[in-house]
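Engineer: Letter by letter, the chains look like this.
Protein chains: 2
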Amino acid sequence: MTGTVEARVSRGLRDLLPDQMLARQWMIDTIRSVYELYGFVPLDTPAIEYLDVLLGSEAGAEAQQSIFTVQNPEKEALGLRFDLSVPLARVVAQYRDLPRPFRRYQVSPVWRADKPGPGRFREFMQFDLDSVGVESEVADTEIIAGMCDTLSALQVGSYLVRFSSRGILNVLLVYGGIPAERGKDVFRVLDKLEKVGLEKVRLELTTGYVDSSGDPIPGLGLESRQVDRIERFLQIRSGDRREVVAQLRDLFAGVDGAEREVSMTERISNHLYALGYGEDRVSLDLSVARGLAYYTGPVFEAILLDAPQFGSVFGGGRYDDLVLRFLGEKVPATGASIGVDRLFAALIDLKRAGQQKSTAKVLVVSMDPSLQDDYIAMTWELRRAGIPTELYLGAARGPGKQLKYADHWGIPIALLYGSNEKERGVVTLKDMELGRQRAQALEDRREWLEERPGQREVPRSELVSTVREMLLHQVGEQGR
Amino acid sequence: MTGTVEARVSRGLRDLLPDQMLARQWMIDTIRSVYELYGFVPLDTPAIEYLDVLLGSEAGAEAQQSIFTVQNPEKEALGLRFDLSVPLARVVAQYRDLPRPFRRYQVSPVWRADKPGPGRFREFMQFDLDSVGVESEVADTEIIAGMCDTLSALQVGSYLVRFSSRGILNVLLVYGGIPAERGKDVFRVLDKLEKVGLEKVRLELTTGYVDSSGDPIPGLGLESRQVDRIERFLQIRSGDRREVVAQLRDLFAGVDGAEREVSMTERISNHLYALGYGEDRVSLDLSVARGLAYYTGPVFEAILLDAPQFGSVFGGGRYDDLVLRFLGEKVPATGASIGVDRLFAALIDLKRAGQQKSTAKVLVVSMDPSLQDDYIAMTWELRRAGIPTELYLGAARGPGKQLKYADHWGIPIALLYGSNEKERGVVTLKDMELGRQRAQALEDRREWLEERPGQREVPRSELVSTVREMLLHQVGEQGR
Numbered sequence: 039m040t041g042t043v044e045a046r047v048s049r050g051l052r053d054l055l056p057d058q059m060l061a062r063q064w065m066i067d068t069i070r071s072v073y074e075l076y077g078f079v080p081l082d083t084p085a086i087e088y089l090d091v092l093l094g095s096e097a098g099a100e101a102q103q104s105i106f107t108v109q110n111p112e113k114e115a116l117g118l119r120f121d122l123s124v125p126l127a128r129v130v131a132q133y134r135d136l137p138r139p140f141r142r143y144q145v146s147p148v149w150r151a152d153k154p155g156p157g158r159f160r161e162f163m164q165f166d167l168d169s170v171g172v173e174s175e176v177a178d179t180e181i182i183a184g185m186c187d188t189l190s191a192l193q194v195g196s197y198l199v200r201f202s203s204r205g206i207l208n209v210l211l212v213y214g215g216i217p218a219e220r221g222k223d224v225f226r227v228l229d230k231l232e233k234v235g236l237e238k239v240r241l242e243l244t245t246g247y248v249d250s251s252g253d254p255i256p257g258l259g260l261e262s263r264q265v266d267r268i269e270r271f272l273q274i275r276s277g278d279r280r281e282v283v284a285q286l287r288d289l290f291a292g293v294d295g296a297e298r299e300v301s302m303t304e305r306i307s308n309h310l311y312a313l314g315y316g317e318d319r320v321s322l323d324l325s326v327a328r329g330l331a332y333y334t335g336p337v338f339e340a341i342l343l344d345a346p347q348f349g350s351v352f353g354g355g356r357y358d359d360l361v362l363r364f365l366g367e368k369v370p371a372t373g374a375s376i377g378v379d380r381l382f383a384a385l386i387d388l389k390r391a392g393q394q395k396s397t398a399k400v401l402v403v404s405m406d407p408s409l410q411d412d413y414i415a416m417t418w419e420l421r422r423a424g425i426p427t428e429l430y431l432g433a434a435r436g437p438g439k440q441l442k443y444a445d446h447w448g449i450p451i452a453l454l455y456g457s458n459e460k461e462r463g464v465v466t467l468k469d470m471e472l473g474r475q476r477a478q479a480l481e482d483r484r485e486w487l488e489e490r491p492g493q494r495e496v497p498r499s500e501l502v503s504t505v506r507e508m509l510l511h512q513v514g515e516q517g518r
Numbered sequence: 039m040t041g042t043v044e045a046r047v048s049r050g051l052r053d054l055l056p057d058q059m060l061a062r063q064w065m066i067d068t069i070r071s072v073y074e075l076y077g078f079v080p081l082d083t084p085a086i087e088y089l090d091v092l093l094g095s096e097a098g099a100e101a102q103q104s105i106f107t108v109q110n111p112e113k114e115a116l117g118l119r120f121d122l123s124v125p126l127a128r129v130v131a132q133y134r135d136l137p138r139p140f141r142r143y144q145v146s147p148v149w150r151a152d153k154p155g156p157g158r159f160r161e162f163m164q165f166d167l168d169s170v171g172v173e174s175e176v177a178d179t180e181i182i183a184g185m186c187d188t189l190s191a192l193q194v195g196s197y198l199v200r201f202s203s204r205g206i207l208n209v210l211l212v213y214g215g216i217p218a219e220r221g222k223d224v225f226r227v228l229d230k231l232e233k234v235g236l237e238k239v240r241l242e243l244t245t246g247y248v249d250s251s252g253d254p255i256p257g258l259g260l261e262s263r264q265v266d267r268i269e270r271f272l273q274i275r276s277g278d279r280r281e282v283v284a285q286l287r288d289l290f291a292g293v294d295g296a297e298r299e300v301s302m303t304e305r306i307s308n309h310l311y312a313l314g315y316g317e318d319r320v321s322l323d324l325s326v327a328r329g330l331a332y333y334t335g336p337v338f339e340a341i342l343l344d345a346p347q348f349g350s351v352f353g354g355g356r357y358d359d360l361v362l363r364f365l366g367e368k369v370p371a372t373g374a375s376i377g378v379d380r381l382f383a384a385l386i387d388l389k390r391a392g393q394q395k396s397t398a399k400v401l402v403v404s405m406d407p408s409l410q411d412d413y414i415a416m417t418w419e420l421r422r423a424g425i426p427t428e429l430y431l432g433a434a435r436g437p438g439k440q441l442k443y444a445d446h447w448g449i450p451i452a453l454l455y456g457s458n459e460k461e462r463g464v465v466t467l468k469d470m471e472l473g474r475q476r477a478q479a480l481e482d483r484r485e486w487l488e489e490r491p492g493q494r495e496v497p498r499s500e501l502v503s504t505v506r507e508m509l510l511h512q513v514g515e516q517g518r
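Protein chains in written order, with my numbering: chain A, 39 to 518; chain B, 39 to 518.
Treat the hints with caution; some may be incorrect.
Just so you know, same-sequence chains aren't split out, so a pair can sit in one copy or run between any two.
As the list claims (entries may be wrong) - In silico DSBU-like pairs for lysine-lysine, Cα to Cα no more than 30 Å straight-line: (1) LYS153 x LYS113; (2) LYS368 x LYS442; (3) LYS442 x LYS389; (4) LYS395 x LYS368; (5) LYS460 x LYS233; (6) LYS233 x LYS153; (7) LYS439 x LYS368.
For the record, the hints were derived by calculation from the structure and aren't laboratory data.
Because the structure is a prediction, the values reported are computed rather than measured.
Pulled out of the complex, with its shape left as it was, chain A reads as follows:
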């Protein structure tokens, strides 16, 4: 079996090489640390689930299309999970003595056999957090606050968490005289407001129109009296959260169930004010509807103002049908899902991540085989001082190729030590980045040899302290 298999992966799948993995790991660790501070606990579930668990008993072949089915020796009907909500629901239904509230996070890959495209993969990482068994709007509040803390910790620049409430949209139906069963269609159209503008939303709610590519967009056939009321609602979008609440209260005055929904939204807004999450980070935006049918209360999403092209990187809301499929029982819950890969792409784009290629901070260059014991001793001395260090063990003999290797992996410091250094009781430390900058500035090889750019010689006994100092200097200059 020599050389006959082509090394490749199937469409929509990919490897994460070390620079990408380091960035993603940092990202996941950061999100984890925020929600662990909030007291969320981790859960893990198998990648493989029964198909009826994944799809519900009445699901058709249509829903199955995006599931990777799996074959086990017992020939059971199995598939790879396509989200983390279904496994959560199964766990809540299966372990009846799990105390509630159950506030868990899970960070795991999910699989969808959809058509792959740029930035669309068939295996991708999801980070979900949910509070199961809670009615209080404080649970929604803490998911929004956690979103803010997470995005701040990831240093994504400016961001905005927008929230609204399905409950308020349901009141809008009452106010507009629109039957509840038409809600799903209406919300789907409202969700397009940001993208297509008010005029087209109006047309789609009423008569429909033909879009620029000539495709007919059918209308919902609402009356203009109904659409006028929706428009009045959509106009309450500017101003701070207090103002939006006040206008909502005015508009919905006397409408059945309105006060309950408006005041719950107001409470969330007030909790957030009290905790210091102001208008610059959290807005009450009535155009947020979130497509999924199952939301029942507050809904929220986050966008990066410095990278809006990535869309919503974080979103969720309140729902109560979690375990319906298994237990036929409604359980109040609220949660959010972080698009790890989308956020990851945004962080790379913003150069907040992806700069680090290796874990090692020092490469000990192996220049002279007779000094190997010294190299080993220095390597472990640095490691034991907590400084990630690699001893070059490859095939290259000269220091030139080994320095190139340090460059390849982005290792910031190289340690050079030959018999000359040994005699004099010193080590040479080379700042790779500084060396590169100076080398470009220098005129010729003679000058280079004289200056030895970025290099410094220190007593052997000062190895660890000097490396520490050099690394401290670099932290300020580099991204992760």
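Use these hints to put chain B onto chain A, whose structure you have.
Structural biologist: Chain B in isolation, oriented as in the chain A frame:
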């Protein structure tokens, strides 16, 4: 679709509930931190691979049996990875410009459709580390040293890393006058030494025997002159590493290729001595053969002396056929694999892990709805001081049930605050564990009410500092 699907998972699969996940995560983070200090870099690959990548072009249906096959829309021949070595090989073959040495770790689940049993799962986590493109025995040395550092960091108690070398076993064949092609069979028998004893090994090497259940164990038919020499080799097992090396050198004096192998083993041993890894942690044990056929040089494994029943928790060695399947080229490499689940089971057994059930250190009890703003403020005050805190948001009203909830999740401190406390500007902090101990010691309810075991009242302004102090006290008393 109400209540019709049973919440369950297929055979050999399992969920990791929060207490288990916290322990496993701590374990994985600890191993990661050791090898990142050594400069290993992370890699991630898709769970789904082409079947020919997984099995090689000539593999038969037999090998396929333990693979979960996967169906994608394009109907390609795909399966879930069964180890992390094959994906590493594919990556090395696929990304030709990846600089070498390539020293990567990967921690990911793998799937095997074998017969499940107690402690044997069909989906399990593996932690692999490999140095690809290195000939130097220092690479083997650092994998052994890292094993020691990892097991020390995990506080597993006493452990022993045993190492030997396939090269030395090959010399044994020359010394014993045994053809090289019989090596595989001979090593397989030697691997049983620990389990069945010298007498049965001797019989299996020669005439064979009938075991206690009446099954015939066929013999390899070696001559007694050959077996005598193997026995002489196996007797070199006591004593320290220096002594074993000296005896080996004596025994193999003049045998072709012996000096090269013995001195490489000696160098590893000497590096380890120099770095402080003495006989108490690393032994040169010639009975270590490691079953897999592909090892070519040093081989190693680790056992926990306080939990020997778990067998080898960590093992690996040097090999050179990594990318043979893809490129038809030999590449020197050495690596090891950690049985995360086995090590995890051992840590639970040793009570070094699994004690922690929640991330939260404080539960803010919600006693009086009119004080909710205070509860929210105190919760975030603690969180912002870096203390993981949960505000109780469930359905229970009275403090009794909420304290029981803290108990369920093992949250060590409960914060109690009612209008009485508010008036006096204090908060009550309850040490849950101390409370339980004292409550058991107290005679009756009256006494309990008087003493309020484990509770202390402190000024509101001292909330954070007091919680910090209480947590510091607890660290010494509890396992993770």
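Engineer: Against this structure, judge whether each hint is valid.
Structural biologist: Now for the hints, and whether the structure bears them out:
Both within a single protomer and between protomers do LYS153 and LYS113 lie at most 30 Å apart by alpha-carbon distance, with minima of 27 Å and 14 Å respectively. Within a single copy, LYS368 and LYS442 get their C-alpha atoms only as close as 61 Å, which misses the 30 Å cut-off; across copies the closest is 24 Å, which meets it. Taking the shortest Cα distances, LYS442 and LYS389 sit within 30 Å of each other inside one copy (24 Å), while across copies they are farther apart (47 Å). For the homomeric pair LYS395 and LYS368, the shortest alpha-carbon distance between copies (27 Å) is at most 30 Å, but the shortest distance inside one copy (48 Å) is not.
In this homomeric assembly, LYS460 and LYS233 never come within 30 Å of each other (Cα to Cα): the closest approach is 68 Å inside a single copy and 50 Å across copies. With identical chains, the CA atoms of LYS233 and LYS153 are at most 30 Å apart within one copy only, with a shortest distance of 23 Å there and 53 Å across copies. Only between protomers do LYS439 and LYS368 lie at most 30 Å apart by alpha-carbon distance; the minimum there is 22 Å, versus 65 Å within a single protomer.
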